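As given, the protein sequences belong to chains A and B, one line each in that order.
Numbering (the UniProt record's numbering) for the first sequence: 1 to 288.
Numbering (the UniProt record's numbering) for the second sequence: 1 to 276.
Think of the hints as simulated: they come from the structure by calculation, not from any bench.
Model, not experiment: these values are computed from the prediction.
Don't take each hint at face value.
[Stated by the list, open to error] Pairs of lysine to aspartate or glutamate, DMTMM-like flavour, derived with a Cα cap of 25 Å:
hint	chain 1	residue 1	chain 2	residue 2
1	B	K132	A	D39
2	B	K268	B	D167
3	B	K102	A	E6
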Amino acid sequence: MGLKQERRIGLFSLLPAFVLLAVFVGYPMFNTFFHSFTDWDGVNSTFIGWDNFKNIMSNGDLPLMLRNNLIFLLSVPGILLISLTVSVLLHEEVPGWRLFRSVYYLPAILSSVVIGFLAKSMFTNRGIVNTFLENAGLGAFTVDWLNTVPTEFMILILCFYWQTLGQGTLIFLSGLSSISNELFDAAKIDGTTWRQRLMYIVIPSLYPAIFYFTIVNVIYVFVGLFGLVFSITGGGPGYETTPIDYMIYIQAFRSGNMGYASALSVFLFFIVMFITYIQLKISKRLEQ
Amino acid sequence: MNTASRRMIRFLIFIVLAIIAFVAMYPLFYMAISSMKPTIEYIKHPMALPKTWYFDNYQALFYRFSLVRLFGNTILYVGLSLVASLALSIPAAYAFAKLKFKFRNGFYVVMIATMTIPGITFIIPNYLLMSKIGWTDHIISVVIIWSVSAVPSTVFLLTSLMRSMPDEVLEAIKMDGAKYYQAMFKVILPMSLPGVVTVSIFNATNWWNDLLTPLIYLQSDNLKTVTVAVATVLNRFSSDYPLLLSGLLLASVPPMAIYIIFQGYIRKGLTIGAVK
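Model the full structure from these sequences, guided by the hints.
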């Protein structure tokens with residue numbers, strides 16, 4: 001293979017992937033940007049300038065959706081803390097820790113649809129959760145879980161945690177296993193306490209893993225909640241549990257407001273790009 | 001710390017981990033057990049074990065919801081998407097990892113950057129494009145969307161694995177005057193097989209579990225995937241929870257089986273991105 005030939009083969013190897021990405025990702029993305037400035041039902045579009053964006057800002061949808069996304073966003077530190085704790089405990093390698101590690105990951109492999117409907121069946125009015133509360137003599141605490149807004153959020157977040165624990169645990173465990181034993185033993189000889197080792201050796205060495213986990217899940221709460229919301233609440237009552245990605249689906253494929261949905265997509269695109277930008281900034285600093 | 005209190009602490013840790021394991025596993029037990037109950041028994045005693053093991057829910061799924069076809073559909077779509085995404089990604093990953101050509105890094109950055117674009121930004125025009133050329137309600141739409149949108153992450157993972165292939169082997173083939181496709185099929189593919197397996201497991205379980213794409217593109221019941229059928233068709237019978245739960249259980253069997261067989265690959269794949 002000559003150099004010239006290698007160059008040609010290299011470019012040819014990329015060609016099919018780039019052509020298809022251009023047709024099915026690049027072009028439609030610009031199309032969405034363009035149509036976010038139109039009133040579009042899928043067939044006819046009329047140019048209306050910034051009206052879609054003005055509508056989003058003024059019709060009350062935006063604060064509601066952002067509130068909903070913010071609730072999920074605020075739940076990310078919780079699962080971060082739980083996964084961190086669990087992996088530090090697993091790292092002690094008590095009997096059975098390998099089995100526990102596998103068991104924790106099992107829910108992560110399931111579809112959001114499965115997790116969502118499963119939770120829904122557990123939390124119905126006469127479901128297993130309320131029955132348990134009654135049998136435990138806590139009948140006063142039974143709630144119609146799926147028909148009030150705060151508990152609906154609670155169930156959604158619970159499902160999100162159930163899905164994510166295993167992923168976090170695996171990521172942090174592999175981070176923990178990369179800490180050198182010499183460093184650890186040296187610290188022990190110097191008479192440090194367990195807590196000091198945790199604060200000054202274990203946690204700092206996990207920074208890259210913590211950072212990766214946080215970013216992945218922050219992006220997930222903006223673009224990945226569709227399955228859970230679809231199966232548990234359907235976004236309701238009203239739009240009370242509708243995050244942005246689910247609203248795009250409703251507007252585009254239920255109501256046929258393709259232009260409005262495009263504007264929402266553009267909005268979401270910039271949110272995700274902003275998060276990615278912060279990610280790049282911080283990961284550069286972490287490397288130094 | 002003396003050994004007695006050390007042991008005590010380790011025992012406490014064990015208890016905490018066991019409780020968490022129970023919480024993680026309980027819904028799955030509940031799903032399996034409830035699916036074996038008649039509806040009336042489920043309503044009366046949601047917590048109890050079934051009195052007799054009852055398989056009518058599974059029979060109903062089999063006969064009323066043409067289970068075989070749903071599974072066949074999903075396996076076909078996932079299989080075709082795997083072939084397509086690998087056919088697109090492997091040559092590109094090899095080129096990025098080992099071939100020298102102009103603008104290689106530029107192309108690579110562009111490819112990786114598309115990974116961050118949320119899928120929802122291109123779903124509406126794609127849907128309209130597919131319906132214009134008559135591909136909605138046809139498997140080709142799902143296969144194209146699944147395989148193309150998986151290309152950037154697949155290339156990313158395969159490139160980082162292929163970079164660690166020893167250059168000497170490749171140089172030796174070049175010296176022998178081997179053609180590109182000989183090198184590809186005799187050396188590169190076999191050597192990158194573990195990476196190909198890892199990334200295929202991730203893609204296959206993601207697609208199996210995907211709701212949005214097949215929900216939007218496929219309307220006829222006889223084209224649906226298992227996941228979509230559970231979410232839409234079975235949900236019409238949502239008051240019959242044992243039936244729904246047996247559907248959920250069947251929908252989770254393939255991904256769980258994949259996980260149990262390929263645990264090691266999944267662990268490796270998950271940590272490649274996280275820990276450098």
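Hints versus structure:
no.	hint	result
1	B:K132 / A:D39	19 Å, holds
2	B:K268 / B:D167	23 Å, holds
3	B:K102 / A:E6	10 Å, holds
Checked against the numbered hints given earlier, the structure satisfies every one of them.
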